[in-house]
Amino acid sequence: MSGAPAVAGRQDEGAFARPARGRAVSDHPLPWLLPLVLILLAFTVYPLFYNIYLSFHEYAPFKRALVWVGTENWTRLFADGRLWDSLGVTLVYFVVALAIEVALGMAIALLLDADEPGFGFLRGVLTLTLVIPPAITGMMFLLMEDPQFGILSYVLKLFGLLDSTTPILATPSLALAGVVLADVWQWTPFMVLIFLAGLRALPVEPYEAAMIDGASPLQTFTRLTLPMMGKVIAVAVLIRGIDLFRVFDYVYVMTSGGPGTATYSLSLYAWQQTFSFVKWGYGATISLFSLVIVLVVANLFIYLAKVRW
Amino acid sequence: MNDRTRKEYLAGIVGRYVRGEIGRRSFLRTAGRLGLGAGALGLAGRPLGRALFPAARAAEEALQPSAEVLKWVADASKPFAGTTLRLATESTPPSNAINSQLKPFFEKASGMTVEIEVLPLEQVLQKLTLDVASNLGTYDLYYIDQSWAASFYRDVFDPREQIQAKPDLAMPNYDIDDFLPALVDGICKYEDRWVGVPYDIPIFIMMYRKDIYDKMGFKPPATLDEYYTQAKAITDEMGPSMYGATGQMKSGHYSLECDWTAWLWGHGGSIFNADRKFTGNDEQGLAAMDYWSKLWKTMPPGVTGWTWDGEGQSIAQGVAATMMSWGEFFPSFDDPDASKVSGLVEPVRCPKPTALRTVEQTGFGEIPGVGHQGGSSLAVSQYSKNPDAAWIFMQWATCADTQALITTLGGGTGPTRSSVYDDPRVKANARVGAGTTRHLDVVRATIEHDMGSEPDLPQWAELSNDTIPVQLGRYFAGEYGSAKEALDDIAEKADAVVNG
Chain L
1 MSGAPAVAGR QDEGAFARPA RGRAVSDHPL PWLLPLVLIL LAFTVYPLFY
51 NIYLSFHEYA PFKRALVWVG TENWTRLFAD GRLWDSLGVT LVYFVVALAI
101 EVALGMAIAL LLDADEPGFG FLRGVLTLTL VIPPAITGMM FLLMEDPQFG
151 ILSYVLKLFG LLDSTTPILA TPSLALAGVV LADVWQWTPF MVLIFLAGLR
201 ALPVEPYEAA MIDGASPLQT FTRLTLPMMG KVIAVAVLIR GIDLFRVFDY
251 VYVMTSGGPG TATYSLSLYA WQQTFSFVKW GYGATISLFS LVIVLVVANL
301 FIYLAKVRW
Chain P
310 MNDRTRKEYL AGIVGRYVRG EIGRRSFLRT AGRLGLGAGA LGLAGRPLGR
360 ALFPAARAAE EALQPSAEVL KWVADASKPF AGTTLRLATE STPPSNAINS
410 QLKPFFEKAS GMTVEIEVLP LEQVLQKLTL DVASNLGTYD LYYIDQSWAA
460 SFYRDVFDPR EQIQAKPDLA MPNYDIDDFL PALVDGICKY EDRWVGVPYD
510 IPIFIMMYRK DIYDKMGFKP PATLDEYYTQ AKAITDEMGP SMYGATGQMK
560 SGHYSLECDW TAWLWGHGGS IFNADRKFTG NDEQGLAAMD YWSKLWKTMP
610 PGVTGWTWDG EGQSIAQGVA ATMMSWGEFF PSFDDPDASK VSGLVEPVRC
660 PKPTALRTVE QTGFGEIPGV GHQGGSSLAV SQYSKNPDAA WIFMQWATCA
710 DTQALITTLG GGTGPTRSSV YDDPRVKANA RVGAGTTRHL DVVRATIEHD
760 MGSEPDLPQW AELSNDTIPV QLGRYFAGEY GSAKEALDDI AEKADAVVNG
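Protein sequence lines, in the order shown, are assigned to chains L and P. In terms of this note's numbering, the first sequence is residues 1 to 309. In terms of this note's numbering, the second sequence is residues 310 to 809.
Don't take every hint at face value.
As the list claims (entries may be wrong) - Stretch by stretch, here's where chain P covers chain L in the computed footprint (C-beta under 8 Å, at least three residues):
#, segment
1, 152–166
2, 169–175
3, 241–249
4, 275–287
Since the hints were derived computationally from the structure, they do not count as laboratory data. For glycine and all other residues, C-beta sits at the position ideal for the given N, C-alpha and C.
In isolation and in its complexed conformation, chain L is listed as follows (with noise of 0.2 Å):
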């Protein structure tokens, strides 16, 4: 008898736990996820394993068929001249483009980070720049880059800062600063909103006790902004540091990759392998080498950076 009820309580539990809408709504994660696993099968996981069997194929035109190389594409990659330098040139250029984006993002951010009258206003406006399509800021910096009828151009020219005749995007030693000119001014906004949101975030206390202690503004921000701020920075560099490292629309819209290869980057290269030269297991061999070194740099980032999700 002790037992019956406590029986009968876990059936009511039960009973109530499960009803009848157990046979349309289930409480088993697996219905819910299915669609997201789907999608990312169809298109994550198919491509990867299909770039993986591409790489070890290529296109034969003759055949009109993908045939079987075993490994000659990725021996191949490790003595492609211009592979290395396309690497060379994407890790110039995520560097470089990086360094400014935090450090001016992050100064832009310290300057909004207040309640004034307007303020508000710029935040909005920062968000522009990141709803134009990056082909079409790379036409822009074209434009404003272009020697004969350029702002960019014409402006630095009036400073005396570039000679009249020096076409910025043509010349080797330019070309690249022309490219990273136009992702910085698209991007550092949004480095800026990051960088907002987590200062607006921080406490007040540590800073009054600074005050009181007399530290100055740079001490105020080596010892308490950029330490609070740390896992904030981490993760916006970590999601625009492989974006840079994809870099394309620019270099594509604005050099080519030229003048001769100084801007060409991986991005492009595999591209041009796989879509103007029809070299599809070549193109794919180059992307997924791409996508090796954004993981192993990524996850090495996110191990030192101990960034946790």
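Given the coordinates of chain L, assemble chain P onto it according to the supplied hints.
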């Protein structure tokens, strides 16, 4: 007044009205006498132009497709009503004119639907390659750039065979021999097979500012040396507000290769010799580079960052006085809405080459000539599920009547048929203004006498889009010690690409 005279006269008064030489009232009165009702003057053809330029509608009224051609389309298409045809094409004047203005006439007459995908050239190549590799027949018609003929010649029907195999589907008076023979050779012939028919023909002609030439006391140059001397004199006299020449010299871009070939061929050089070895670095090749390097100094400083867009703008914005480049720019120079030099630019044939190699002295079917061409062909895919329907569309799209409409409505693009150059509708547009055809006599003469065609080999896409323009870009950026060093490097790389 017969129909032909009426159309010519109508085109004339439309042109005068658009240029503001006659008032609206006068235009309406004259148009009315020619039989155009008031209803014709409501909306015009181009999307933005309809409401703004009633005159354009009047021009279209006069430029309807031939009733005879449409009747043939209707009769031949009866078994194929309801069929959907697909074409992937680059954004070229013929494709744009068909897609935006002429397609509805075909669809209405045939009962078929035509889906035209306008894509960047690389994507067209990619889609065709996928279609060929998969045998899916996604596209019924192939737009084939002249440099791809060797890659796709086995995947399309030879139109001569189609005419013979299906006489019941052959358009009366299609006249395949009307296509300019030089274009057939240069664009769509590969090993005696026709890879479709010539579809469009951008080609290098010389365009110069007559006002500046008059001021300088120059006549159009007869030789390349004279071209340089005049360009230098203009730059010396008028620079930096005006430059004697201009170019499309963006590193790593196909346009740079196009400019190079014109100078190379014009100095008696060639890309390959008969043994299929790269010869751009021989004596003639070096002479061409020497010439080009000197000419470059007479151009605006931006040329090394410009493709054809920047080059065309440098003339349209009044920055450069001459160019040897794509003739299809010319109508835009005459358009007062798009150019500061409307009516000031004149077309002439390119200066005579210093020397010229024969086709036999070159390799891979290369045809030397200062008039570099970048044409394309249109063909029916072997994998099409509706090859007969596609063949009907192809004949309609490339027949003389449609080409005349494309040329007139599509902004003065060069026809690929001989008869179209003499079509009264085309001739009637030979006046200063948007969409002019007054450069077409020069285009025809260039096709017939000066045309240069790139070699046909499957590796040409890589050579012309990367190997050659990247190293040339490095040369103009000062990364090589000399032109010879640059050309020797190209030779080594090009031969490696050709030999796999």
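Each hint tested on the structure:
{"no.": "1", "hint": "152–166", "in the structure": "holds (count 3)"}
{"no.": "2", "hint": "169–175", "in the structure": "holds (count 4)"}
{"no.": "3", "hint": "241–249", "in the structure": "violated (count 0)"}
{"no.": "4", "hint": "275–287", "in the structure": "holds (count 4)"}
This entry does not satisfy hint 3, going by the numbered hints stated previously; all others are met.
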